[in-house]
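Chemist: Just so you know, the protein sequences line up as chains A and B, in that order. Everything in the first sequence is counted per full-length UniProt numbering, starting at 1 for the first residue and increasing by one. Everything in the second sequence is counted per full-length UniProt numbering, starting at 1 for the first residue and increasing by one.
It is worth saying that the hints were derived from the structure and are not from the lab. A virtual CB, placed ideally from N, CA and C, is assigned to each residue, including glycine. Be a bit skeptical, because a hint or two may be false.
[Said to hold, decoys possible] List of simulated lysine to aspartate or glutamate pairs, EDC-like, C-alpha gap at most 16 Å:
1. A/Lys3 x A/Glu56
2. A/Lys247 x B/Glu132
3. B/Lys246 x A/Glu235
4. B/Lys77 x B/Glu90
5. B/Lys214 x A/Asp239
6. A/Lys191 x B/Asp146
7. A/Lys214 x A/Glu132
8. B/Lys247 x A/Glu132
9. A/Lys243 x B/Glu132
10. A/Lys185 x B/Asp146
11. B/Lys185 x A/Asp146
12. B/Lys214 x A/Glu235
13. A/Lys214 x B/Glu235
14. B/Lys40 x B/Asp59
15. B/Lys191 x A/Asp146
16. B/Lys214 x B/Glu132
17. A/Lys214 x B/Asp239
18. A/Lys246 x B/Glu132
19. B/Lys243 x A/Glu132
[Unchecked claim] A few chain A positions that, by computed beta-carbon distances, are all more than 12 Å from chain B:
20. Val141
21. Val145
22. Gly180
23. Asp239
2 protein chains.
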Amino acid sequence: MLKIAIDAMGGDFGPEPIIEGLVAALKKNNNFSAIAVGKKDELLPLIPQIFLSRIEILDTNDVISMSDSATDALKRKESTIYKAIELVREGNADAVVSAGHSGASMSLATLRIGRIKGVNRPAIATLMPTSENQNTLVLDVGANVDSDAKNLFEFAVMGQVYAQYVLRLDEPIVGLLSNGEEDSKGNEVTKEAYKLLAKIPNFAGNVEGSDIFKGTVDVVVCDGFVGNILLKTAEGVADTIGKIIKKNLKRSLISIAGAVLMRKVFKNLKVRVDYAEYGGAPLLGVKAPVIIAHGKSNPKAIQNAIFQAINAASSNLDTIIEQRLAKYSNNQEIN
Amino acid sequence: MLKIAIDAMGGDFGPEPIIEGLVAALKKNNNFSAIAVGKKDELLPLIPQIFLSRIEILDTNDVISMSDSATDALKRKESTIYKAIELVREGNADAVVSAGHSGASMSLATLRIGRIKGVNRPAIATLMPTSENQNTLVLDVGANVDSDAKNLFEFAVMGQVYAQYVLRLDEPIVGLLSNGEEDSKGNEVTKEAYKLLAKIPNFAGNVEGSDIFKGTVDVVVCDGFVGNILLKTAEGVADTIGKIIKKNLKRSLISIAGAVLMRKVFKNLKVRVDYAEYGGAPLLGVKAPVIIAHGKSNPKAIQNAIFQAINAASSNLDTIIEQRLAKYSNNQEIN
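So here's chain A without its partners, still in its complex pose (with noise of 0.2 Å):
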């Protein structure tokens, strides 16, 4: 049975909205348990009875706050996220899941649970919503800046592994972003990617910012700082719309009327374009899953970050990630 480690105490909103997700999981979910980090005596209570015997607690004081630097990460041994991924590296759990300061679980994880042999940056992948009822994987969101081009070609792998055996998609197809589809669009360094990337199967040669919201292809690789900034582009003109929508909706009667009409349309709209929904982000490129969830991660996102950790506890992901990146880059030689 996989065993999920998570930081019960690290999000903005405390250990409540984490504790709800995790019996939600669990609730829907019976083939895991759970090692809940963090002070005993606030979590206990938030725990249901009857999911006692499946959540452990690992009792610890010290919170990382979101204003503390995550370079003192690796001196707070005694934060929740320190022994959480403890927890993982020393085999006692499967995958951790941290909703708590996304810098020193990144940082941790990397330096604690050790990278895939192969991969010299591990990067983070999101997941963001299209009209065609299916989602691209992009990476990296921010976990680098300054990538150079074979960090890129590592994070097209980790990405169609990931999309392979998590997301379940047959021969998933990779799209380097450029500021054009051409073959000579492109940064220095993306020029550069582009030759190693076009020796990975079911490349798609590069692909522009919109590209990502019609589903052209089901990875999209780039560099932490663009990946950080078309995150937050993406975001800023969904909220955008929905405050102009609201905006407008409060001048005229008849709107309001239309809106009442149209609520379960506007439901939906949220869901798709909630990025909560997914739960979390996987940190790919560590030897074990860890799932970074949102600070304001309220339950649902908790629960979807568990089932996310869950599937990728169940495949392989750091030896096949291993293995094609040797076989790839022995390729590379040769040709």
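Could you slot chain B onto chain A? The hints should help.
Modeler: Positioned in the frame of chain A, the structure of chain B alone reads:
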């Protein structure tokens, strides 16, 4: 009286929408005349008799198409865009509007009209909508990839001058696009640029992708590779949300009733997210105003692009940009 040169043939839909937009602009503004560059036989029948006195036709047959390479533009001396730009270079027109091949328009403007003293790379600026009834000027959105810190500094100065003198904002605030607000965030180039931009009055520091649509600052500066991706991402999200709304509408009759009542709201929304509303994107850093309109511009977009050209030509942008660049560069040497 100002004279605006316009490539009357370069757009994706031929001369009709361009002449229609030009005529609409002439109707609304009595203080300018135009030189339309294109095939005389095709243009003449499109112009109403009473506007013939304010539209001069410069007859030429060659049109650079979207599939042509920008590098050939310099050799195509009989092309509509080449001739339109020559009119400005020779002082026979005050500004140029082109809905044709944007790469060709940029190269020709840069090489034939020339760069403002102190500007190493001209940049394309565009207006993005916010929920607060204002817009954010973003540059560069595609003229340059691999911009260095000095380029970004120039973009900041040019954007601020444009916002102040053409958009008529009082003391426009400039932000540097980065992967977080903190001073420590950024990639190598933006961290270097941060130090240079710190010398500019009203520099707000780093801003994120979402800030563009919140209207946190008036001008956002970024590399052209990043700018292109954020522009396409924004368009992609807006487009996807529109499609999701439409798809859901079709599913239910009640929603259709709601949609009819909300028609006005959607119309308003469209105006705010429709980038064509702004007419075109100015190429900043060349000695005369050059407005790059979208290839798919409708008459309204062309009309607005012409008004932008008029506003830009009414200010001494080139002199002000040159003076500011000199002033800040001197400050930097002193400090």
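Chemist: All the hints need checking, so say for each whether the structure fits it.
Modeler: Hint check results:
1. Restraint check: the Cα-Cα separation between A/Lys3 and A/Glu56 comes to about 10 Å, which is no more than 16 Å; the hinted pair holds.
2. Using a Cα cut-off of 16 Å, the hinted pair A/Lys247 and B/Glu132 holds, with the two alpha carbons roughly 10 Å apart.
3. Taken as a hint, the B/Lys246 and A/Glu235 pair is broken in the structure, with Cα atoms around 20 Å apart against an allowance of 16 Å.
4. With a C-alpha separation of about 14 Å, the suggested pairing of B/Lys77 with B/Glu90 holds against the 16 Å cut-off.
5. Between B/Lys214 and A/Asp239 the CA atoms are separated by roughly 9 Å; this keeps the pair inside 16 Å, and the hint holds.
6. Pair hint A/Lys191 plus B/Asp146 holds up; C-alpha atoms about 11 Å apart against a cutoff of 16 Å.
7. A C-alpha spacing of about 7 Å is found between A/Lys214 and A/Glu132, which places the hinted pair at or below 16 Å, so the restraint holds.
8. Between B/Lys247 and A/Glu132, the direct Cα distance comes to roughly 10 Å. Compliance with the 16 Å bound is thereby established for this hinted pair.
9. Distance check on the hinted pair: A/Lys243 and B/Glu132 sit about 9 Å apart at the alpha-carbon level, within 16 Å; holds.
10. Annotation: proposed proximity of A/Lys185 to B/Asp146 holds, straight-line Cα distance about 12 Å (limit 16 Å).
11. Taking the CA atoms of B/Lys185 and A/Asp146, the gap is about 12 Å. The hint holds against a cut of 16 Å.
12. Of the supplied pair hints, the one linking B/Lys214 and A/Glu235 holds, its CA atoms being roughly 11 Å apart against a limit of 16 Å.
13. Of the supplied pair hints, the one linking A/Lys214 and B/Glu235 holds, its CA atoms being roughly 11 Å apart against a limit of 16 Å.
14. At most 16 Å may separate the alpha-carbon atoms for a hinted pair to count; B/Lys40 and B/Asp59 meet this at roughly 5 Å.
15. Between B/Lys191 and A/Asp146 the alpha-carbon distance is near 11 Å, which keeps this suggested pair within the 16 Å criterion.
16. A distance of roughly 7 Å separates the Cα atoms of B/Lys214 and B/Glu132; the hinted pair therefore holds under the 16 Å criterion.
17. As the CA atoms of A/Lys214 and B/Asp239 are separated by approximately 9 Å, the hinted pair is consistent with the 16 Å bound.
18. The hinted pair formed by A/Lys246 and B/Glu132 meets the criterion: a straight-line CA distance of about 12 Å does not exceed 16 Å.
19. A distance of roughly 9 Å separates the Cα atoms of B/Lys243 and A/Glu132; the hinted pair therefore holds under the 16 Å criterion.
20. Chain B draws A/Val141 into its interface by the beta-carbon criterion, the shortest separation being 9 Å against a cut-off of 12 Å.
21. With a least beta-carbon separation of about 4 Å from chain B, A/Val145 fails to lie farther than 12 Å from that chain, contradicting its non-interface assignment.
22. A cut-off of 12 Å between C-beta atoms contradicts the statement that A/Gly180 is not in contact with chain B; the least separation is 7 Å.
23. The Cβ of A/Asp239 does not lie farther than 12 Å from every Cβ of chain B; its closest approach is about 7 Å, which violates its non-interface assignment.
Violated hints, in rising order: 3, 20, 21, 22 and 23; the structure is consistent with all others.
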